[in-house]
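K.L.:
Going down the list, the protein sequences come from chains A and B.
Residue numbers 1 to 148, in this note's numbering, belong to the letters of the first sequence in order.
Residue numbers 1 to 344, in this note's numbering, belong to the letters of the second sequence in order.
Heads up, a few of these hints could be off.
Claimed, not checked - So, partial list: chain B residues that the calculated Cβ filter (under 7 Å) puts toward chain A:
#, residue
1, 67
2, 71
3, 82
4, 86
5, 92
6, 93
7, 104
8, 108
9, 112
10, 120
11, 121
12, 124
13, 138
14, 153
No lab work stands behind these hints, which were simulated from the structure alone.
The model shown is predicted, which means the values in this text are computed figures rather than measured ones.
All C-beta atoms in this analysis are idealised placements derived from N, C-alpha and C, irrespective of residue type, glycine included.
Listed below, chain by chain, are the residues.
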Amino acid sequence: MSSSFVTKTVETRFSRNFISYWLDSWTIARYSILTFSRYLSWFLNLALGPFLMMAPFVFLGDTLVGRGESLSDGYFAESQYVDYIGFLAVPLIAVNLSNTVFSWIGGLIRQEQWNGTLERSLLTIQFTSTMYVGRAVAHAIYIVFLRC
Amino acid sequence: MIELNSVSKSFDRVVDNSSLWRKAISRPVTEKVTAVEELDLSIKQGEFFSLLGPNGAGKTTTVRMICTLLLPDTGFCSVAGFDTDKDARAVRRNIGVSIRGERSVYWKLTGRQNLEYFAILYGIRGSSGRDRAIEVSRLVGLEEQFDDYVEHYSMGMKQRLAIGASLIHRPSVLVLDEPTIGLDPNGARSLRKLLRESCKEHGVTVLYTTHYMLEAEELSDRLAIIDKGKKVIEGEPAQIRSESRSSNVIEIQIAGSVDGEKLSHRLRDSRIVKTVLAVNEERAGTRIRLESESDVSSVTDISSLPQFQGLELQSIELVRPSLEDVFVQLTGSRLTEGGIVQRV
Chain A
1 MSSSFVTKTV ETRFSRNFIS YWLDSWTIAR YSILTFSRYL SWFLNLALGP FLMMAPFVFL
61 GDTLVGRGES LSDGYFAESQ YVDYIGFLAV PLIAVNLSNT VFSWIGGLIR QEQWNGTLER
121 SLLTIQFTST MYVGRAVAHA IYIVFLRC
Chain B
1 MIELNSVSKS FDRVVDNSSL WRKAISRPVT EKVTAVEELD LSIKQGEFFS LLGPNGAGKT
61 TTVRMICTLL LPDTGFCSVA GFDTDKDARA VRRNIGVSIR GERSVYWKLT GRQNLEYFAI
121 LYGIRGSSGR DRAIEVSRLV GLEEQFDDYV EHYSMGMKQR LAIGASLIHR PSVLVLDEPT
181 IGLDPNGARS LRKLLRESCK EHGVTVLYTT HYMLEAEELS DRLAIIDKGK KVIEGEPAQI
241 RSESRSSNVI EIQIAGSVDG EKLSHRLRDS RIVKTVLAVN EERAGTRIRL ESESDVSSVT
301 DISSLPQFQG LELQSIELVR PSLEDVFVQL TGSRLTEGGI VQRV
């Protein structure tokens, strides 16, 4: 058996495995999104969460800095930002988004265990990591879609 | 098809009664609890084998070792010729498992989506996966509700779907852990019918765990009774019944309401009553099954016992020992509804 044949076989096997790995992860992601889409309260929570989280800061900003008041000049001098609300919104949404994604990904196995589907998923012929990757992709897509 | 040789498994149980503060700063005190001890099983191809025992007997631990979720501490376990430790993936390819029954499917998906999803997870993609899902839905009798969400299914339908999901990759071995728990009698009957027809017809080897004696007797080619992690007896149901020493089982029907517990205590003091096997308080009266000493010449000896004085005995007869009687004989305990053990 020539070395090129061996290399080629290994490469083919690797690429096939790599592709099937991603296909499997994508399948898990697809069905996870289907499941999420049936939890309307999650949708509402995720959609409204960042805005509710921002509300106290906006209130404080309006109260302390004021709109067009003298203090806003001081704020500009300190931070070089004109729009205080815009300054708040972007990082808060980013923090909220990443918190949600990371906490969901961290709780994947526990969530499956609660549902009772963990054993069945572990007993398929998939790598356990495809479950992690698939669900993580699903969570990321779900949240990005919501934010858009 | 399934081989277990001297398989043992134990777990650590926390027995620490110290204060919360001490617990927080020190390692928890544990003790070893043996769930399965030196268990030998040999299940042949196409056989319907039941593992019987009360809650905590070690049935689920055994099942988890067979399906590669747990590794045995000692001993050897193989399925379809593959070692569950070294060839776990090959074992999973050949085995279909339903452990948590109706909880093991996604309730927020439809029956079709569930089966197609699990088909893909077993590498059956595209049209073959879709066709197989339809085929399985017919097999488990869910074709009409196939596109309904699982959360709208009845408990029995969810169980059937879980069994369908276990059969999606055409396994040669099917492992079912207490699939009729929580089902009403009709649901349990229809599930048993499904298992009898589909598994026996397709030659699937089935390992079935239950604490319902009648169910095991009705379905199994062979069965084993385990208690406290040890195998107590193994064989064909009829053979187990005939080999038991409960040849003198007497069933007594008493009219009206009787304090069954008190009566069974009093009967135990009698010289000719060996064991009180069961006391069932029913609407029509109380039914008592007891094992008498072998030297009792007739049932009249029993009926003349002073413990029965003042009670209206409707019938008294010598009956064939049931599996439940054998279980009580061998383990010294009785199974109540829900698989809880009651020592006799």
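K.L.:
State for each hint whether it applies.
P.N.:
Hints and how they fare:
Residue-level restraint check for residue 67(B) holds (minimum Cβ-Cβ distance to chain A is 6 Å; threshold 7 Å). Annotation: residue 71(B) was flagged as interfacial toward chain A, and the flag is violated, the nearest CB pair being 14 Å apart, outside 7 Å. Contact between residue 82(B) and chain A, as hinted, is not supported at the beta carbon level, the nearest pair being about 13 Å apart and thus beyond 7 Å. With a cut of 7 Å, the hint placing residue 86(B) at the interface with chain A is violated, because the nearest CB-to-CB distance is about 16 Å.
Hint status for residue 92(B): holds, given a least beta-carbon distance of 5 Å to chain A, under 7 Å. Annotation: residue 93(B) was flagged as interfacial toward chain A, and the flag holds, the nearest CB pair being 6 Å apart, inside 7 Å. Interface restraint check for residue 104(B): the shortest CB-CB distance to chain A comes to about 5 Å, inside 7 Å, so the restraint holds. About 4 Å separates the beta-carbon of residue 108(B) from the nearest beta-carbon of chain A, less than 7 Å, and the hint is met.
The interface hint given for residue 112(B) is broken, as the beta carbon of that residue sits about 11 Å from the closest beta carbon of chain A, more than 7 Å. Against a cut-off of 7 Å between C-beta atoms, the interface hint on residue 120(B) holds, since the closest Cβ of chain A lies about 5 Å away. Checking residue 121(B) against chain A: minimum C-beta separation of about 4 Å stays under 7 Å; hint holds. For the restraint placing residue 124(B) at the interface with chain A, the shortest Cβ-Cβ distance is roughly 10 Å, beyond the 7 Å limit, so the hint is violated.
Restraint check, residue 138(B) versus chain A: the minimum CB separation of about 21 Å is more than 7 Å; hint violated. A cut of 7 Å between beta carbons decides the hint on residue 153(B): the least distance to chain A is about 14 Å, and the hint is violated.
Checked against the numbered hints given earlier, this structure breaks hints 2, 3, 4, 9, 12, 13, 14; the rest are met.
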